[in-house]
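Peer 1: As a plain string of letters, each chain reads:
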Amino acid sequence: MMITPVPARRFVEHVMGMPISLALRGRHAADERGGAAWAAAMDVLREVDEVFSTYRPDSVISRLSRGEISLAGCPPEVGEVLELGEAARADSGGAFDVWRGGSLDPSGVVKGWAAERAAIHLRELPDTDFCLSAGGDLVCRTLDPDAPPWQIGIEDPHDPDRLIDVVPMHTGAMATSGTARRGSHIVDARTGRPPVGSASVTVIGSSLTAVDIDATAAYALGPEAARWLRSRDHASALVIHTDRTATVVTRTSRAAA
Amino acid sequence: MRRNITCLVGTAAAVALLFGYDTSTAGPTRPTTVIASPATGVAGGAATGTAPSATSTGATTTGSATQAAVKTVTGEAADTRWGPVQVQISVSGGRITGVSVLQQPDGNGRDREINDYALPILKQATLSAQSANIDMISGATVTSEGYAQSLQSAIDQAGL
Chain A
1 MMITPVPARR
11 FVEHVMGMPI
21 SLALRGRHAA
31 DERGGAAWAA
41 AMDVLREVDE
51 VFSTYRPDSV
61 ISRLSRGEIS
71 LAGCPPEVGE
81 VLELGEAARA
91 DSGGAFDVWR
101 GGSLDPSGVV
111 KGWAAERAAI
121 HLRELPDTDF
131 CLSAGGDLVC
141 RTLDPDAPPW
151 QIGIEDPHDP
161 DRLIDVVPMH
171 TGAMATSGTA
181 RRGSHIVDAR
191 TGRPPVGSAS
201 VTVIGSSLTA
211 VDIDATAAYA
221 LGPEAARWLR
231 SRDHASALVI
241 HTDRTATVVT
251 RTSRAAA
Chain B
1001 MRRNITCLVG
1011 TAAAVALLFG
1021 YDTSTAGPTR
1031 PTTVIASPAT
1041 GVAGGAATGT
1051 APSATSTGAT
1061 TTGSATQAAV
1071 KTVTGEAADT
1081 RWGPVQVQIS
1091 VSGGRITGVS
1101 VLQQPDGNGR
1111 DREINDYALP
1121 ILKQATLSAQ
1131 SANIDMISGA
1141 TVTSEGYAQS
1151 LQSAIDQAGL
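Residue numbers (the working numbering), protein chains in the order written: chain A, 1 to 257; chain B, 1001 to 1160.
A portion of the hints provided could be inaccurate.
[To be verified] Partner residues aside, some chain B positions facing chain A, computed with beta carbon under 7 Å:
1. N1133
2. I1134
3. M1136
4. I1137
5. T1141
6. V1142
7. S1144
8. Y1147
9. A1154
10. D1156
[Stated by the list, open to error] Covered stretches of chain A, going by a simulated chain B footprint (3 or more residues, C-beta under 8 Å):
11. 19-29
12. 35-49
13. 169-176
[As the list claims (entries may be wrong)] Negatives, chain A to chain B, calculated, CB over 12 Å:
14. R10
15. R56
16. G101
17. P148
18. P149
If you are wondering where the hints come from, they were derived from the structure by calculation, not from laboratory data.
Even for Gly, the Cβ is constructed at its ideal location relative to N, Cα and C.
Based on the provided sequences and hints, a complete structural model is requested.
Peer 2: Laid out in structure tokens, this is it:
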């Protein structure tokens, strides 16, 4: 591969139990305004964490889950996230559900949605490209079509120290769902058990909110993941199966399907 | 080299298909704005050929170029359900290295979202982060607990 990435200024911080990595290049990459945009983006993520964390007993979402407050008593973002969750539940035939066993866990919606909100501050930087990753789900922008694209590596779910693919992306969003080495595991809400069939699902599209939800929903659907993704309106998707085979879903393959 | 060029045309057509598969739902018929842009070389002017004029396949390709050069292939504007979209792909060593949308519809908010996509190109062999230039990692295991040992951490450290 002959493309050499343009040197980028990098930032890393941790919030919501995940690393947030940012690469900035262009006019405001190295100056104070770029740094201020990063700080503002992190503020968004910290505010989201305070409202939506299921690990904080005093968070709005924990209190809502315990029935101590009603939806009407929550900030409007809570309704927005729950609506996204409800749409995903309906779209996935119940495999994706923010409600499980009577308790509320909207993390499958919140991660991409929050990163998309945080990226608003980066989009305001003129003549500046960015690639923002929230724990492996990312959103990129490149203003000049002749500039080199961001090179995005997709982790091999069977060996996370290796990559299964590299996708050049100028502008867009990418999310990957699967079984984390540690930490939370996705369950098929229809059975309450971890799905079988897929090792990981990567979805590429224009909205990080949408691709993150769909990657998680597809993963929860197990063996139905690739077929379900063909019905969705994304640019493309990559399903790595537990037997180490892969299925690539593109608009073209959908058109033929 | 000839084989590479053939591959390029096929790929450009596939990319055009990507955006053009569902014109029947485009709603009100819009005039197709066909812009037959000449393909232009990028990457420091390393590409030597320019070949204007579109072909009936909807793709314009560069002429001869050095093997290592990055070439761009510009497709004709395709009338998609979001309006006219024109796609340009960058190719290096017979492989797509970038996808850009030169022309995008505007009008409603939905149109503006459709700006640029990449296709996953599954590799036969896996790559290590050290063997390629990687800007960011998409993966399910990227957590704070595992971050220190992660590929993402290695990339961030290299750039910090």
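Peer 1: Now tell me if each hint is right for this structure.
Peer 2: Structure-based check of each hint:
The criterion of a C-beta within 7 Å of any C-beta in chain A is met by B:N1133, whose closest approach is roughly 5 Å, and the hint holds. At a threshold of 7 Å, the smallest CB-CB gap from B:I1134 to chain A is about 4 Å, leaving the interface hint in force. Residue-level restraint check for B:M1136 holds (minimum Cβ-Cβ distance to chain A is 5 Å; threshold 7 Å). With 7 Å as the threshold, the beta carbon of B:I1137 comes within range of chain A, its nearest partner Cβ sitting at about 5 Å, so the hint holds.
Interface hint status for B:T1141: upheld, as the beta-carbon distance to the closest one in chain A is roughly 5 Å, under 7 Å. Residue-level restraint check for B:V1142 holds (minimum Cβ-Cβ distance to chain A is 3 Å; threshold 7 Å). Taking 7 Å as the C-beta cut-off, the interface hint given for B:S1144 holds, the closest approach to chain A being about 5 Å. A cut of 7 Å between beta carbons decides the hint on B:Y1147: the least distance to chain A is about 5 Å, and the hint holds.
Residue-level restraint check for B:A1154 is violated (minimum Cβ-Cβ distance to chain A is 10 Å; threshold 7 Å). Checking B:D1156 against chain A: minimum C-beta separation of about 5 Å stays under 7 Å; hint holds. Requiring three or more residues with a Cβ within less than 8 Å of a Cβ of chain B, the coverage given for the segment 19-29 of chain A holds, as 3 such residues are present. Proximity of the segment 35-49 of chain A to chain B, defined as three or more residues with a beta carbon under 8 Å from a beta carbon of that chain, is not established by the 0 residues found.
Here's how the segment 169-176 of chain A fares: 7 of its residues keep a CB closer than 8 Å to some CB of chain B, so the rule of at least three is met and the hint holds. With a least CB separation of 4 Å from chain B, A:R10 falls inside the 12 Å interface cut-off, contrary to its annotation. For A:R56, the shortest C-beta to C-beta distance to chain B comes to about 16 Å, beyond the 12 Å cut-off, and the non-interface label holds. For A:G101, the requirement that its beta carbon stay farther than 12 Å from each beta carbon of chain B is met, with the minimum near 23 Å.
Not every beta carbon of chain B lies more than 12 Å from that of A:P148, the smallest distance being close to 7 Å; the non-interface claim is violated. Here A:P149 does not stay apart from chain B, with its beta-carbon only about 4 Å from theirs, under the 12 Å limit.
When the structure is compared with the earlier hints, violations turn up for hints 9, 12, 14, 17, 18 and for no others.
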